[in-house]
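Take the sequences, apply the hints, and build the full model.
Number of protein chains: 2
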Amino acid sequence: MSGAAEAGIRVPLDELRGMAANVLLSRGLSPGHTEAVVDAMAAAQRDECHSHGFHQLPGAVELIRLGKIDRGAVPAIDDRTPSLLRVDARFGYSLLGFRTGAPLLAEKAAKTGVAVMTINNCYHFSALWPEVEALTDRGLVALVMTQGVNCVAPEGGRRPTFGTNPIAFGWPRPGGPPFVFDFATSVIARSDIEMHRLAGKPIPPEWAVDDHGEPTTDPAAALKGALRTFGGHKGSALSAMIELLTGPMIGDLLSADSIAVDGGAALAPLHGEFILALDPDVFLGPERAVHFERAERFFEAIAAQGARLPSQRRYEARRRTLESGEVSIPSRLYERIRALEASGE
Amino acid sequence: MSGAAEAGIRVPLDELRGMAANVLLSRGLSPGHTEAVVDAMAAAQRDECHSHGFHQLPGAVELIRLGKIDRGAVPAIDDRTPSLLRVDARFGYSLLGFRTGAPLLAEKAAKTGVAVMTINNCYHFSALWPEVEALTDRGLVALVMTQGVNCVAPEGGRRPTFGTNPIAFGWPRPGGPPFVFDFATSVIARSDIEMHRLAGKPIPPEWAVDDHGEPTTDPAAALKGALRTFGGHKGSALSAMIELLTGPMIGDLLSADSIAVDGGAALAPLHGEFILALDPDVFLGPERAVHFERAERFFEAIAAQGARLPSQRRYEARRRTLESGEVSIPSRLYERIRALEASGE
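Protein sequences, first through last, are from chains A and B. Taken in order, the first sequence gives residues 1 to 345; the numbers are from our numbering. Taken in order, the second sequence gives residues 1 to 345; the numbers are from our numbering.
Hints were generated in silico from the structure; no laboratory data involved. Take these hints with a grain of salt, some might be off.
Each pair may be met inside one copy or between any two copies, as identical chains are not told apart.
[Stated by the list, open to error] As a list, the in silico SDA-like pairs of lysine to any residue whose alpha-carbon atoms are at most 25 Å apart:
no., residue 1, residue 2
1, LYS68, PRO31
2, LYS224, ARG159
3, LYS224, ALA256
4, LYS224, ALA301
5, LYS111, THR81
6, LYS68, ARG336
7, LYS201, PRO330
8, LYS111, ASP78
9, LYS111, ASP88
10, LYS68, ARG90
11, LYS224, GLU206
12, LYS68, VAL261
13, LYS68, ARG27
This structure is a prediction, so every number in the text was calculated from the model and none was measured.
Okay, structure coming up:
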């Protein structure tokens, strides 16, 4: 969700969607994958989360060019139990795996109150909040985790052992956008350190350790060492949980193993995803409305004291975009996408 | 899990258990509640988590004396769906609610892979890890949340809006104690600030805000303001999630409402608990052993670089206690328990 500091131009969002779709379809990505990928990029661009927007398109093209991703992969559903389904993304994008399984996940949650969907063997580049919102749109409460690129040390350690391991949660709100958070358990993104290195600027010592495990302000030393987790030992414990639930628990890779598979390309890691959906109607029955009204008072109590609810900036950006129909993107990125569209290779 | 700085004596753990049971039974607490409460205190004392050990006994006696808790409450199970059971603790201790529901929770998880148990209307004073360990002992992966006392501000705010909102997770490890973490989402316990106030010592500015929302080093100002969450906005978001899942999601109180019910006694808050259990056998089938072996290599990778796994200090303390059969407790506490046992009122 970092901002774009470069010179930007205003472009209709639909124009960008069309260009991105042309770029991917012309490289042989299936229509289903293309739609899922473009929707995710467009949602991020709409919400001014530039790092997950069309900024990701050149990487997607490279992932295809390198033959990493199966462009026509059709996800397979394993309907395991009344509360568990497993989706094998078959080395396609996680996003199509999610789309394929989400209706059945919601159906299971509606029957048993609680359901888990796991996605295996998927390439992942997107934020988690679009998936969370897809579930809150169905009235569900959702908790989603995945791994991210392996570059984070456990607290007290010095070697990349965790991914950036994001966790996201959503709570549907009557009459408005949901309460959603989506954050990496690393203190910062690796790209933030890279940007400091390019700018010749020091980094705060909380961000990373060098390869001796000492906190460092030198971005180059940090890139040879490892990022730190947010929140010290607590954030580190949480990151370990995410690694376990999205790796061994679902029979998928650990982030360190994923790096090995990736061969250092670091475009979109191959790994698993863990999605928990809870249906408040089953938990609360007819009292749902009363208790969700109490939750509204809780949100009001947070906002009334000047604290921001997560995702508010995103929702404000979304409102602006939906009004104008346009988004800002860096001129260079726009030109690059045009070139990719023209070359079609 | 704070240490006891006072002069301590060594006492057989079984002697303390017996004394504590006498104290509670003589005040009319039912044998079921007494056993659950004494087991939890003894487990904490065994693991040298003094703040959750027999240190809690005088507060439990006070909770009974004030008539807050229903001494004979028999938890009622609502077997809602194949993956959801709700336990009404009927204003008894959460611990007996947990014990009553845990076998059915495990049975559901074994069938569907994923199950949730909620506990409503319960008084809570204990750590979450004993409950997590009760589930990992059954081979399950567990995630447990509850609220704690309302004294924490959202990041950027200034009023107590969250409880200390602990979250705990457990992963069974073949041939040894489980991987378990259990931490409050407040940066510190309220009692730590109280201790600084009594000692006339300043507190770090990360711990709390005054009633204007400014970080403060004055413990008295902090106690009039609010604790902060760990990890800034991320920890604050996580705490909000816990508040929602253990409050409105399960039809129970928010921590701010619980304070009102409590009338300021702040002994053991009345609130709900959310327990998620996952059965790896259902997720992984016969491949469970292979993937749990990979998890062991993950734990080894953490430990090999000098980072500690959570709960290791507890397990070392446990080993010592089980060898000697004895625990250390402050002399004053021991005398107080003896006096409570003698007075029997």
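Exercise. Hint numbers the structure violates, sorted upward?
Worked result: none
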